[in-house]
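Chemist: Okay, here's what each chain looks like letter by letter:
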Amino acid sequence: MSLSQATVEKIQDYARRYPSAQSAILPALWAVQHEVGYVTSDGMREVAQHLGLPASLVEATSSFYSMYLTRPEGRHDAVMCVNVACALRGAEELFAYCEQRLGIRDGQTTSDGAITLRSTIECLGACGGAPMMQIDHRFEEDLTPERVNAIFERLRTEPAPSPEPPRPAAVPPTPTPAAKAAPKRPAGGSRPREKKADT
Amino acid sequence: MSDEDREVDGKPDQPTPLRGPDEGVPPHPEGKRPSVAADITALATGLKTTLGEFFSPAVTLEYPEDKSPRSERYRGRHYLRRYENGLERCIGCELCAAACPVGCILVIAAENTDENRVSPGERYAKTYEINMLRCIFCGYCEDACPVQAIVLGPEYELSDTSREKFIYTKEKLLEPLPPDVQARLDSKGPK
Amino acid sequence: MAEKKILTKDFGAPGLAHLAGYEQTGGYQAYQKALKELQPDALVEMVKKSGLRGRGGAGFGTGQKWSFLPKGVYPRYLVINADESEPGCFKDRYLLEASPHQVVEGLLIAAFAIGCNLAFIYIRGEYLPQHEALEWALAEARQAGYIGKNVLGSGFDVDVILHRGAGAYICGEETALLTSLEGYRGEPRLKPPFPAIKGLYGKPTVVNNVETVATLPHIVSNGPDWFATIGTETGKGTRLWCMSGHVNRPGNYEMEMGAPIRELIYDLGGGVWKNRKLKAFQPGGASMMVLLPQHLDVGLDFDAIQKAGSLAGAGAMVVMDETTCMVDMCRRYVEFFHHESCGKCTPCREGTFWMTNVLTRIEEGEGKAGDADLLLEMGNNIDGRSFCPLGDASTWFPRSCIKYFRDEFEQHVTEHACPFRKERVMVA
Amino acid sequence: MAVATDQVTLQVDGVSVTVPKGTLILDAAKKLGIDIPIFCSHPKMEPVAVCRMCLIEVEKMPKLQPACAIPVAEGMVVRTLTDKVKQYQQGVLEFLLINHPLDCPICDKGGECPLQDQTFQYGPGASRYDFQKAHFDKAVPLSDKIVLDRERCILCWRCTRFTEEISGERELALIKRGVHTIIGTFNDEPAQSVYQGNWTEICPVGALTSRQYRFISRPWDLDRTPSVCPGCAMGCNIQIDSRHNKIGRFQSRENLEVDDGWLCDQGRYSFPYFQRDQEFGSPSIRRDGQLAAVSYPEAVAEAAARLQRAGSSAAGWASPGATNEELFLFQRLFRETLKSPHLDHRQQGIHETDPEDIGLPIADIERCDHVVVLGGQEVIDAAPVLHLRLHKSQRHGVAVHRVDEVKAGLAAVPAEATVVGVLATAARRADAITLQNQLVSKVKGSVRRLIVVRGPNGRGAKDLGILPHLGPGYAVLNGRAGRPRAEWPKAGIRALYIYDASPLQEFGATEAELDWLRSLDTVIVQRFKPSVLDEYAHVVLPGRAFPEKDGTMTSMEGRVQRIATGIDAAHVWDDWRILQAVANAMGAGWPYRTSESIFADLAKAVPAYAAAAPAQGRVLWGER
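Chains as they are written, first to last, in our numbering: chain Y, 1 to 199; chain E, 1 to 191; chain U, 1 to 428; chain H, 1 to 624.
Hints are computed from structural coordinates only; laboratory data are not their basis. Hints are supplied without guarantee of correctness; some may be wrong.
Stated by the list, open to error - Just a few of them, taken from the derived set where beta-carbon distance is under 8 Å, the chain U residues facing chain H: (1) K344; (2) T346; (3) F353; (4) N381.
What the hints assert, rightly or not - With a straight-line Cα cutoff of 25 Å, these simulated DSS-like cross-link-like pairs (lysine-lysine) come out: (5) H:K133 with U:K368; (6) U:K198 with H:K21; (7) U:K48 with U:K33; (8) H:K21 with U:K203; (9) E:K126 with H:K138; (10) H:K246 with E:K170; (11) U:K198 with H:K44; (12) H:K133 with U:K198; (13) H:K21 with H:K60; (14) H:K442 with H:K490; (15) H:K63 with U:K191; (16) U:K203 with H:K392; (17) U:K191 with H:K30; (18) H:K63 with U:K198; (19) H:K529 with U:K403; (20) H:K407 with U:K191; (21) E:K126 with H:K246; (22) U:K403 with H:K84; (23) U:K5 with U:K49; (24) H:K63 with U:K307; (25) H:K44 with U:K191; (26) U:K191 with H:K84; (27) U:K403 with U:K368; (28) U:K191 with H:K60; (29) H:K339 with H:K604; (30) U:K307 with H:K339.
Backbone N, C-alpha and C fix where the C-beta goes; we use that ideal spot for every residue, glycine too.
Required output: the full structure, derived from the provided sequences and hints.
Modeler: What follows is the structure, encoded as structure tokens:
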């Protein structure tokens with residue numbers, strides 16, 4: 001099951017952007033995860049081929065980072081931080097509530113495959129809004145049991161996030177009409193093509 | 001130069017004899033004339049202890065009917081023990097062979113496979129031999145064993161008909177353990 | 001003393017996240033001024049004179065760090081450390097989300113100062129919205145000609161690559177970040193050679209924090225002397241402090257360096273919540289020693305906090321009220337370091353694993369008598385022995401807790417239970 | 001006074017020492033005989049300082065410093081025996097052991113395990129860790145040669161660094177993070193490297209062990225014999241570890257000039273070929289169609305009689321696996337006793353040879369600036385450890401060009417190259433010489449070649465004249481040259497003496513040759529193991545395998561090296577003794593009693609060998 005042409009293209013594009021092809025491993029693995037849902041060993045082998053590297057090196061790098069998933073997960077992944085700043089504001093109790101609410105244990109996926117619930121000791125960088133959760137790499141802060149219920153309801157029906165990282169948060173168009181027309185949105189989220197700086 | 005012709009200021013160097021060549025047997029000291037009564041009483045006093053012992057109960061142990069009591073920690077013939085499920089305890093680690101002061105233990109290890117599982121874990125002793133002729137029964141092997149496989153049992157009657165038979169191989173060592181050895185091992189604590 | 005806003009003075013202005021909105025607040029003027037009027041070396045001197053110290057955690061002089069670059073060795077790289085994973089710390093996220101262009105302008109000024117033509121921004125994987133805000137800002141800056149060839153006719157070429165991490169706290173460490181950026185496992189490197197001599201791809205590299213470069217436009221536009229007047233003689237300018245934990249108004253506050261901690265917690269942070277009593281607080285995030293109420297009057301400045309027995313670190317103020325179980329806090333922080341240890345060196349890899357087990361045992365009431373001393377002794381065998389500061393830092397908080405709250409540890413052991421657990425109540 | 005700038009003086013434990021700049025503290029201390037404990041440091045790899053075992057105190061440095069990674073500085077004061085260091089060493093060993101399984105009884109490394117030794121020497125008496133150890137999978141077959149136990153691994157990175165820095169195959173890598181980190185190949189696929197044997201030697205614990213040597217013996221039961229690898233012409237120094245007179249394993253015995261401390265799997269795991277695990281038959285004579293077992297003297301007498309009948313129309317083939325002494329006698333048997341010039345040691349090809357073939361010593365490959373490997377992988381397959389030398393050279397800046405044709409090789413080397421090396425197998429020798437000549441005219445520097453011959457003593461066979469047209473020391477036999485093996489069937493040869501010394505370099509008869517053998521009236525086979533040639537033989541003389549005899553072998557670079565008896569096989573005559581018996585049965589009157597005495601005669605006949613006293617120098621034909 002090889003990678004789609006678009007992903008392969010993106011990988012080759014990354015390889016050209018960096019002074020050394022090896023630096024493109026992380027972005028390439030993100031591309032694989034966006035397409036397949038998790039980092040497969042075939043995916044890693046293909047990334048290695050496209051970047052001209054030994055496959056063991058790609059697996060070594062991929063297995064090091066916690067955000068690369070190693071097995072298929074639910075449509076949405078809900079990660080709750082239980083580090084100190086969040087625990088001080090009741091994260092543990094809230095997580096227990098979530099487990100009981102979804103009827104699954106830490107790390108499991110709901111029977112309908114909608115939500116994978118995980119707690120992580122890794123601080124997610126939203127301590128101001130503790131207790132909080134990261135839903136599909138986006139923060140939901142100042143959670144209360146009621147807000148958690150609302151989120152879970154939404155997630156049950158909502159489709160999986162689009163493989164491309166979603167557009168930046170909708171920022172109101174700049175008020176002054178005189179401002180230059182907003183630049184053409186970078187097509188499909190890929191960077192605008194410009195010649196690699198000849199370093 | 002032999003002893004005879006050594007000269008000491010002209011005279012042959014000889015030890016002086018006790019009696020001169022012509023002296024006879026010395027006369028009997030006075031008052032000690034031989035008499036039968038004196039002889040019998042001397043005989044009686046001499047045998048007093050012997051007769052005393054003659055009539056007291058014998059301390060001899062009629063071996064083999066009854067044998068001298070042995071302490072619980074007596075170190076006699078070796079045994080290789082097994083776990084309750086029948087697997088051999090010995091893992092062929094050769095620590096006993098290394099600990100043996102006389103080097104009379106030969107261990108050749110091999111790998112357990114699922115079909116041929118001899119001991120728990122990865123390793124077992126394919127060959128385990130003790131040369132009982134050289135063994136000094138010091139018990140160092142029992143102390144060295146990490147899994148309490150080799151233990152010294154109570155038997156000491158180890159005579160046999162040929163020297164080869166004194167090389168105890170695994171099937172001889174794996175014979176079932178006498179009961180009282182188990183008591184000793186339990187007292188030594190878990191291993 | 002209320003907040004002293006420099007970096008965050010325009011936050012909230014409409015459209016600040018976009019180029020037009022940012023330019024309205026005077027954005028990119030400093031960058032154009034630097035390009036047109038200043039020489040790179042003059043810029044380095046200016047930053048050195050301003051006394052700006054790194055906001056990432058080590059507090060090293062930014063100008064000084066730039067001057068370590070060997071003369072005439074090209075290409076050089078500038079890497080912006082946006083990996084902010086220190087527990088309790090969310091200031092970079094606030095800066096990136098609210099005003100990405102300020103960061104972009106800052107890094108372009110820094111790139112021009114050190115003569116770097118290819119700059120990187122290493123952003124942590126969990127910050128997806130901020131990643132997109134930056135991606136959008138970079139696209140706008142490219143469109144406006146601030147990034148590219150011969151920027152504004154000044155002959156300065158620069159390109160910026162936004163590199164997304166994938167969840168590893170260790171990649172916040174300077175050399176681990178560079179190793180990760182090169183595509184390897186994010187493990188720290190031997191120092192020497194220092195990155196300034198042999199960093200990314202073996203070339204001289206400067207690694208600066210997001211907040212550090214965000215300050216540069218203000219220094220360039222207002223001059224170093226203006227900056228030097230703010231803060232104390234050793235800690236110049238203002239600093240973003242992240243308030244979290246048992247405080248009424250958690251969030252980011254920009255304070256002048258040297259302002260007492262009391263003002264930060266009580267005036268800005270609204271004091272301890274549920275009008276409970278303050279038990280302890282932590283100025284620098286997970287890695288820093290704990291401080292007590294008696295330290296409230298210590299100034300918010302690198303050296304003052306260091307004298308008080310802790311470190312300013314990344315500026316994450318975690319406040320704990322009297323219902324907090326310090327053993328549980330130690331357990332969480334050590335478990336965090338155990339989870340994030342890269343596993344490269346023995347003391348940190350095995351030590352954090354063992355400390356986590358011991359602290360978990362104490363918290364669950366099965367602690368043994370000598371556990372506190374065992375933790376201290378283990379700490380001695382890790383601190384100063386591990387390969388990078390993560391190992392050392394994993395022992396600082398627990399050891400400071402044992403120093404100040406040893407009785408709490410003994411109590412857990414003797415009572416075979418956590419005395420605070422029954423106090424824990426569901427957050428309404 | 002200005003000390004030579006590159007020398008640095010420092011003090012270690014109160015004793016001062018002067019070492020070149022850039023030396024590591026570890027090596028400076030070793031120079032004083034002070035052994036600082038290490039795990040991850042390895043002399044042939046870049047320092048990584050991950051195990052933290054070697055931390056020592058350096059004055060004016062607050063933290064303990066890793067001795068394996070910090071270069072010395074002038075006036076540095078190093079202390080390795082302070083309480084702080086001792087107490088720390090106990091701490092780090094305790095850390096290493098908390099997740100280390102108590103496998104010593106079943107672990108092959110027991111007795112030669114650095115972790116075990118250093119725990120006894122520096123470690124704490126007991127461990128204070130009383131939790132569950134982290135469990136990983138054990139006895140994972142990495143390949144058919146290596147088994148990996150992930151619980152024992154202490155993550156010293158030596159094996160991953162080996163596959164990156166030494167062999168360049170980058171097969172092993174670290175997987176996962178923190179205390180869960182393990183070693184493995186990609187997706188747990190079997191390892192393909194041909195240098196896996198070295199992993200088991202550099203691993204400081206029992207994580208990587210050899211499957212063939214699994215549970216064979218404890219180190220203290222081994223008899224160790226220095227010898228040379230029988231696999232190929234590289235001449236890697238090995239150590240034969242045997243127990244109960246059976247070979248357990250080959251270990252590398254570092255020789256910086258030749259193998260740099262490494263062995264290839266082809267040679268390391270070739271010892272089963274030389275295992276005398278059952279009886280290989282006694283001397284026998286063919287009587288009315290059947291081979292009848294006889295004693296050695298009878299077989300020798302029969303062989304001598306038959307050879308004498310053939311006289312000068314006898315031909316002799318000796319394997320390039322034989323020792324110099326045996327080849328010398330073999331050559332004397334034919335040229336002096338039988339007066340027959342028909343000698344050969346090659347298989348099919350008829351390729352010339354001359355002393356220039358050893359122009360480039362192996363160690364000099366590193367000092368070249370360009371090396372052309374003519375035939376690419378073919379040369380590496382002929383001498384696998386050569387690849388490690390080439391990869392090391394490449395990492396130090398030597399340009400290595402692996403090409404297939406002369407044209408490509410010529411184009412690859414720029415004109416301003418100063419030291420050029422050409423490597424090729426014997427089969428491609430002609431191309432190599434044409435390439436060398438073309439390069440000499442193109443390049444202003446020197447161009448030297450090294451021909452990888454076949455067999456551990458291929459070079460020795462050529463030097464000692466086991467060739468129809470060349471006598472010992474390349475003496476030209478004008479007019480009295482014999483016929484090479486390929487022409488024997490048509491050259492009226494009536495007797496053939498095959499001395500098949502090594503199962504790895506066999507006679508390898510083709511179909512045509514087998515038919516020809518049937519037609520001969522005398523075929524004498526002197527071999528170690530029963531082989532297919534036994535059916536054609538009229539006289540079978542069982543000889544010894546290479547670990548069972550003394551003697552010298554000449555490697556492809558002309559280095560004369562000694563092999564010693566590791567396994568004794570008293571009931572089998574030594575090969576040179578058989579050859580002498582056959583010759584003396586024909587009245588040759590050779591007086592040799594030991595192989596050393598033969599070497600003395602050999603050195604007289606071939607002066608260059610006299611210069612290279614065994615096991616030291618190289619046969620330098622230049623000073624002939």
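Chemist: Which earlier hints turn out false for this structure, listed by number in ascending order?
Modeler: 12, 14, 19, 20 and 30
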